[in-house]
Amino acid sequence: MILAKVVGHVVATQKCDELRGSNLLLITALDDEQQPIRNKTWVAVDSVGAGLHDIVLAESWFALNKDRYKAMSVVAIVENVFRDA
Amino acid sequence: MILAKVVGHVVATQKCDELRGSNLLLITALDDEQQPIRNKTWVAVDSVGAGLHDIVLAESWFALNKDRYKAMSVVAIVENVFRDA
Amino acid sequence: MILAKVVGHVVATQKCDELRGSNLLLITALDDEQQPIRNKTWVAVDSVGAGLHDIVLAESWFALNKDRYKAMSVVAIVENVFRDA
Amino acid sequence: MILAKVVGHVVATQKCDELRGSNLLLITALDDEQQPIRNKTWVAVDSVGAGLHDIVLAESWFALNKDRYKAMSVVAIVENVFRDA
Amino acid sequence: MILAKVVGHVVATQKCDELRGSNLLLITALDDEQQPIRNKTWVAVDSVGAGLHDIVLAESWFALNKDRYKAMSVVAIVENVFRDA
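Protein chains in written order, with our numbering: chain G, 1 to 85; chain Y, 1 to 85; chain S, 1 to 85; chain F, 1 to 85; chain R, 1 to 85.
Mixed in with the good hints there might be a few duds.
It does not matter which identical chain is meant; a pair holds if it fits inside one copy or across any two.
[To be verified] In the SDA-like style, the derived pairs of lysine to any residue whose C-alpha atoms are separated by at most 20 Å in a straight line are:
#1 15 with 54
#2 40 with 55
#3 40 with 8
#4 40 with 84
#5 40 with 29
#6 40 with 51
#7 15 with 80
#8 40 with 9
#9 40 with 52
#10 15 with 79
#11 15 with 29
Keep in mind the hints are simulated off the structure, nothing from the lab.
Using the sequences and the hints given, assemble the complete structure.
In C-alpha cells, the structure reads:
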C-alpha cells in the first residue's frame, strides 16, 4: 500500500456505475520525510471517511476484495508513522 | 486511478475479441498543475463517452469488474479538480 | 494498454505450460513522437498475428480474460494514431 | 516480489475491515548493495512475524491467494542473499 | 513479461505457506543491450528450473493462473533474443 496525503478531491458526474456515490479523493504519495512527492498524484475512492490533509494508506496494487472495492481505494487513516531507517 | 487528458485516439481493425467495438482513447497523465506529462501516454477503452481534451479518470491498476471491463479503461469524466496541497 | 512497437522476438524452449505454442514478441514502448523509448522493452504473447515493426497495443495491467490470456499480451495492431495534445 | 527492509510501522485505528488486527510494516526497497532506496517506501501487512530491520520479501504485484491476503504483504523473512551479478 | 537475468538466489526459512518448497531466484531486468539494469532487481519463484546467469522471462504483472503461481514467477528460459529496433 502507498503512504499518501489527501490533497483535494475531484467532481465527476459522468462516471461508470461502480463509482456512483463514491467520494473521489486526490492523494499524493509521501517521501521519506513525509512530504508530498511532485507529480505522484492519484485519485482514490474513499472507504474510511478520510478528509483533506489526512495521512492515509491507499491500495494501488489492487488486492482487496473486488466485490467491495471498485478501484484504487483509501483503506486507512494513519495516526502515526514510526520510522527508524 | 490516474488523472489524465484525452489527447487523441487510435484505429485498430485487427484486435482481440474483447476490444471489438471499443473506442480506444489516447490518454496522457496530468502533472500537479494539470498539464500533460511527456511520454506518460496510454491507450484506454472508453466507457463513459469521453472526447478529445476531456479530463478523465482511468483505472490503470485493473480493479474493475472483469466481466464488464476488458482492459485499462476510462471510467469518469472530471468536471472539477479541487487541490489544496 | 501501452502503445508499443514490435522490435523482435525471443525463442524459449523451456517454458511453463501456459506459454507453450505462443509466439513471444519483443515490444518497446513508444514516446509522444512514436519513437521507441530506451530500456522500456517487454516480452508479450502475440494474440493477433503481429509482426516485426508493427505498432501494437499490449495489455500490461493484466485485465483481460485470464482463461484466454496467459501473460502480458499484444491485443491489437494499430493502423493509425491521431494525437492532438 | 521486492527485496525490502523493515524500517518502521504505522498505526491506523480507522481502517477497512480487511486490515483489522493487521500489523502494518513500513518497508523500503533495497538497491543492488542492499541499501534502502530513497523514497521507495510502502506499507505492507505482516504475515510472517517480521520485525524492525529484518530483510523481507513483499508481494507487490498482488498474486497471492486473495482470500488470505488482503493487501500488499510481507511474505518471507530473508536470512541470506546470494548475488553473483 | 520482463526479460531478466538470474543473478543469484535468496534463502528464507520463515515464509508464507504459498512459498514453501519454492526456489527463490534473484533476477535483474535487462536493458536494450541485454545488460543488467542497476537497482531493477526482484525475487521470483522459479517454475522452469532456471539457474545462475540464465536469461529468463518473469511475469511481473501477475497474469498467470493463480492456482499454479503464487507470486511473481520465472516462466521461461530464453535461448535467443532477436532484436531489430
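Do the hints match the structure? See the list:
Taking the closest pair of Cα atoms, residue 15 and residue 54 come within 20 Å of each other only across two copies (13 Å); inside a single copy the shortest separation is 25 Å, beyond that limit. In the homo-oligomer, the alpha carbons of residue 40 and residue 55 lie at most 20 Å apart both inside one protomer (15 Å) and across protomers (17 Å), since each shortest distance falls under that limit. Proximity of residue 40 and residue 8 under a CA criterion of 20 Å is satisfied intra-copy only: 14 Å inside one chain copy versus 22 Å between copies. In this assembly of identical chains, residue 40 and residue 84 lie within 20 Å of each other by CA distance solely across copies; the values are 15 Å between and 24 Å within a copy.
In the homo-oligomer, the alpha carbons of residue 40 and residue 29 lie at most 20 Å apart both inside one protomer (6 Å) and across protomers (10 Å), since each shortest distance falls under that limit. In the homo-oligomer, the alpha carbons of residue 40 and residue 51 lie at most 20 Å apart inside one protomer (19 Å), although the nearest pairing across protomers, at 25 Å, exceeds that limit. With identical chains, the CA atoms of residue 15 and residue 80 are at most 20 Å apart between copies only, with a shortest distance of 13 Å across copies and 34 Å within one. Taking the shortest alpha-carbon separations for residue 40 and residue 9, only the intra-copy value of 15 Å comes in at or below 20 Å, while the best inter-copy value is 22 Å.
In this assembly of identical chains, the alpha carbons of residue 40 and residue 52 lie at most 20 Å apart only when taken from the same copy (17 Å versus 24 Å across copies). For the homomeric pair residue 15 and residue 79, the shortest alpha-carbon distance between copies (11 Å) is at most 20 Å, but the shortest distance inside one copy (32 Å) is not. With identical chains, the CA atoms of residue 15 and residue 29 are at most 20 Å apart between copies only, with a shortest distance of 18 Å across copies and 25 Å within one.
When held up to the earlier numbered hints, the structure conflicts with none and fits them all.
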